[in-house]
Amino acid sequence: MKRPRGRRETQSLVLAAVVVFLLVLLGVLTRGRLLAPDSLQSIAFQLPLLGILTLAQMTPMLTGGIDLSIIATANLCGVVAAIAMTRGNVPPLGAMVFGLAMALSFGVFKGLLIAWVSVPAIIATLGFMIFIRGVSLVLTKGYVIAGFPGSFLFLGNGTLFGIPMPFVVFFLCAVFLFVLLARTRFGTCVYLLGSNPVATLFAGVNNGLVLFVTYLLSSFLAGVAGLVMIARFNAAQADYGEYYLLLTVLACVLGGVDPAGGFGRIPGVVVSVAVLQVVATGFNLLGLSSHLASALWGLILLGVIAINRMIGGVET
Amino acid sequence: MALLGRVARSTEVYLVGVLLVLSVVLFLLNPKFATLENIFDVLRNNSFLGIVALGELVVLISGGIDVSFTAIATVAQYVMGVLITRYAVESVFLAFLIPIPIGIALGAFNAFLVNRTRVHPVIITISNLNVFYGLLMVISKGKWIYGFPAPFRDFARLKVLTLVSEKGVDYGLSIFTVVWFLIAVVTWLILQYLPIGRKIYALGGNSEAARRAGFDIFRIQLFVYCYIGFLSGLAGFVHAELNQMIQPNAIVGRELDVLAAAILGGASVFGGAGSPLGVVLGVLFIAFVKNGLILMKASAYWHQVIMGFIIVLAATLSAYQQNLERKRRKGV
Amino acid sequence: MPEKLPVIRLAHITKRYGGVVALRDVEFSVLPGEVHGLVGENGSGKSTLVKIATGVVQPEEGEIFIEGQKISRLTPYLAFKRGIHVVHQDLSLFPNLSVAENIFAHEYIERNRSFVVWQDMERRALEVLGRLGVELDPREIVGRLSFADQQLVAICRAIASSAKLIILDEPTSSLTFREVQRLFGFIRELKAQGIAFVFISHRLDEVLEISDVVTVLRDGVNIGTFPKGELTKARLSFLMTGREITTESLVADLPEAREILRVERLTRRGEYADVSFTLHQGEILGLIGPRGSGRTEVALTIFGLRPPDSGKIFLEGKEVVFRSNRDAIRHGIGYVPENRLLQGLVLDQPVADNITVTILGELVSRFGFLHPSRKIAVAERAIRDFGIKAPAADAPVRSLSGGNQQKVVLSRWILTAPKILILDTPTHGVDVAAKESIYEMALGLARERGIGILFISDEEHEVLKVCHRILVMREGRIVREYRPSEVTEEALRREIVG
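Residue numbers (this note's numbering), protein chains in the order written: chain A, 6 to 321; chain B, 1129 to 1460; chain C, 40 to 537.
Hints in this document: simulated from the structure, not taken from any laboratory. Among the hints, a few may not be true.
For each label pair, taking beta carbons as the anchor points, the in silico distance ranges come out as [claimed, not checked]: (1) B:L1310 - C:E228: 46 to 54 Å; (2) A:V149 - B:L1286: 35 to 43 Å; (3) C:H410 - A:F114: 32 to 40 Å.
These numbers were taken from a predicted model, which means no experiment stands behind them. All C-beta atoms in this analysis are idealised placements derived from N, C-alpha and C, irrespective of residue type, glycine included.
Here chain A stands alone, though its shape is the one from the complex (with noise of 0.2 Å):
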């Protein structure tokens, strides 16, 4: 039996107490200085990139499946760019492209397996987190690649009206991925089919064309957040940031997303993803270890849990 609607309501209530509670602690805490500009500054400059994986993780979820492979992908894709930059003095634009090009037609492979197939994602995509980062490794021979043009390293650094970069393409990104799940057929189908793929099928639904575009936009998705990474670290290598991709599912979680499919929608994911990366700045500012955040995040998940069980225990 799936949750009654209501204890997914109440989700968000939660979810939304917590962040309210977390900013006025930290602010007080941090006497102010985690809502002063530059605080604010460098929150939009770090939380675009677990964000942009988060929405790269959000639409298979929403499926009931879950894609390993988005850090491996948006390595793949920083490698490529960084090698077409350095190596091939490809322009920035055109390195991006390659980038995204090798992102996506791995993202065909693993979209034919589960969506056509049958491969179960969490296999499929356990597998191809492994491939995809040993042909990284490959490329990179281990090696870190660094040194980009200055161009393209506005896309990590730079600001636009005062705007930090990362979080203009975070912000696009989460826009796109809204209007697509709210404002399209796809959008329906995805929660449709996250909650009963048998009745999508007899009714019509093209159920491996929505599953193969899934994880193909996982894969574009994932990909841009490696263009940002390596755009941010002027460096790209085969295994940057792998401890994000639990974190991811985390996010999505806490954001109301449910691990069998169905229900999350994009305001609560941004939003969890903001309380994680507020937690883990007003941390920096306390000048508390980055771990205690990290463990904080795990806490806070349980927490959420938690107090969702009460309130549904109540319910029903």
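With chain A's structure known, arrange chains B and C on it following the hints.
Below, chains B and C alone, put in the same frame as chain A:
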């Protein structure tokens, strides 16, 4: 063995076949592969992976999953490292006893949360991975531990069977390999001959039926998460012995490699299927491929490409086979 | 005192859920070796009664006696220990374990058995299977057995833990006709050994065939317990619903109409063979046959989900080959599936999405966008037009009653303006009032929109009532064609059984 089920058995037969072919190929490419010295070495180096994969198997069979075991192993071995270096614990046995209860306790915590919240265990254990590891890093400040007492160092060289190579170097079957295989046998006995083992299969096969049959679901979950906790603690000890050093960040991040080994060995992420023999073969398979590449002096970077390819290929073939069977039976 | 004490007696049981009375002052008892039919519409309290008899829920008032002994608080475990077992519709077996292990799984709870002795278990499994005369390999994995065999394993499991009463919840709904007869054979065999059964089914013919006595529940009240001899099918359904079920035809004669669908010698190995028929504009063509007769398989083929091995399909005279059901939908075919909950609806998602899922492509704007308000608007109109009772267009379908859920599925196809509509047992599991309104919907669609309807059913009175012609299907073949005026319910029944 008959009751392992035809599916599980066919996976194992298949794996044995593949392993044999692989070994012959590797031998032809480089005869050094088939030397006992090399095989013993491979077995020793993979005992950590082998032990935790058996724990993951038990969780997977029950229909659960645990990705926090790397953090559990790390926490357990770290506490052990701190204690034995600070108090210069001379007894290896005493050292060995430290990580085990820690692993079991953390596993019990996982089980408690999984049972009470009814949220998918992957989510619970991801959270706990963050919590356990994050707190350890905060407290340990990421410091490495080395310089263990002499008995602890000597124990790592302990062999059950000692041979001398042509060059006059000692080699043999490491104690850790023996521990690994012993654990495999114990796991098999539990799963096959103890009621709790059968209940684990039953729970993974149909949790609603298990509940209706009156099985104490929490006790089963407690068992499986404590079991992987126990094996994580044990594996943490083995890992510290093998490396003679404890780095807090050495194990975390390998969750999915272990999952891959278990899946290659025939465990199902949907629960109810898999066997210890299969998982041992799965680990050996990964180990042989890796070793073969090293012997062939292929760049180590190719290892992951090949491993990933094999997992994708195996998953595709198995899905394709299931599709055919479904078509044959139902038509849609 | 009669010499035989009831295995179980529920006396003056009342049970409320919230403010709703599920059972009111119900009396129910089962004698040893008796097959006791239990019938009632959805929501009449059958499942609550079973839950009380097995200790899953506790009654507010009333007493429970097992073999004459008063039980103050019946728990599932106690019910089990005292030999009261349920075989659920989903069987509750472990598909990954062997037959033997499924039969003796309950023994794992007893702690004193510390090791599993496989040979011993398999030997005892053979004994239990032998009591029924079933030939199954105790080592076979249950998931590989047919549903009917799995059901026998579930019954053997009950016998193995010395059941005195076995409650069969809708045991025949997934069985073919032959399998039902085989099951009845086993029930009679066990009955002779003194085991009592409660037989719950909505198939009144079967209830009358196998039961010694029948208890009828309506709105939580026991209408009465009747010996089989006093009952007919018509009387039983009157008792259940409080209405006379008529088989008077509701359809007018069809004037010469254009052919819209013709299938010729359609064959699919192992499912059906040599199926030919035509369907005309505005016609309701009944296809009646038990489950497993191939009726649903033929429907799925016409809907493009199961390609035929041979044979042809013609739409309005032109041959068509469907590669998927999307092809079929494009050609104007709609299908209301047999299993509403699994195949028909996305239960947790909004009514609006469930209604508009077939026409999402038509709702998108010029730039490819689909605003939620458009879905809602279309859905609200459908809810009004088809009289669907829903709290809101964005409420989950789960919150609707069975009849209204079925109307949601129907309306999604009507919105596609189909030429052909296949209704696969559309009134299964809905109450009488909803049944009537589904008939009216079908009749209206045929008469006013000229839709050709293939109406699949396993209830004779239903096809006699709403169809222009009736095809009888048996063991994969169409064996007879009737006009409703040519045949009585009994004659039709005999033809179906063969």
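Distance restraint evaluation - A:V149, B:L1286, Cβ atoms, bounds 35 to 43 Å
holds, 40 Å
May I ask you to test the hint 32 to 40 Å on the CB atoms belonging to C:H410 and A:F114?
holds, 35 Å
Given the range 46 to 54 Å, decide if the beta-carbon distance of B:L1310 to C:E228 lies inside it.
With Cβ atoms ~50 Å apart, the hint holds.
Of the numbered hints given earlier, the model fails none.
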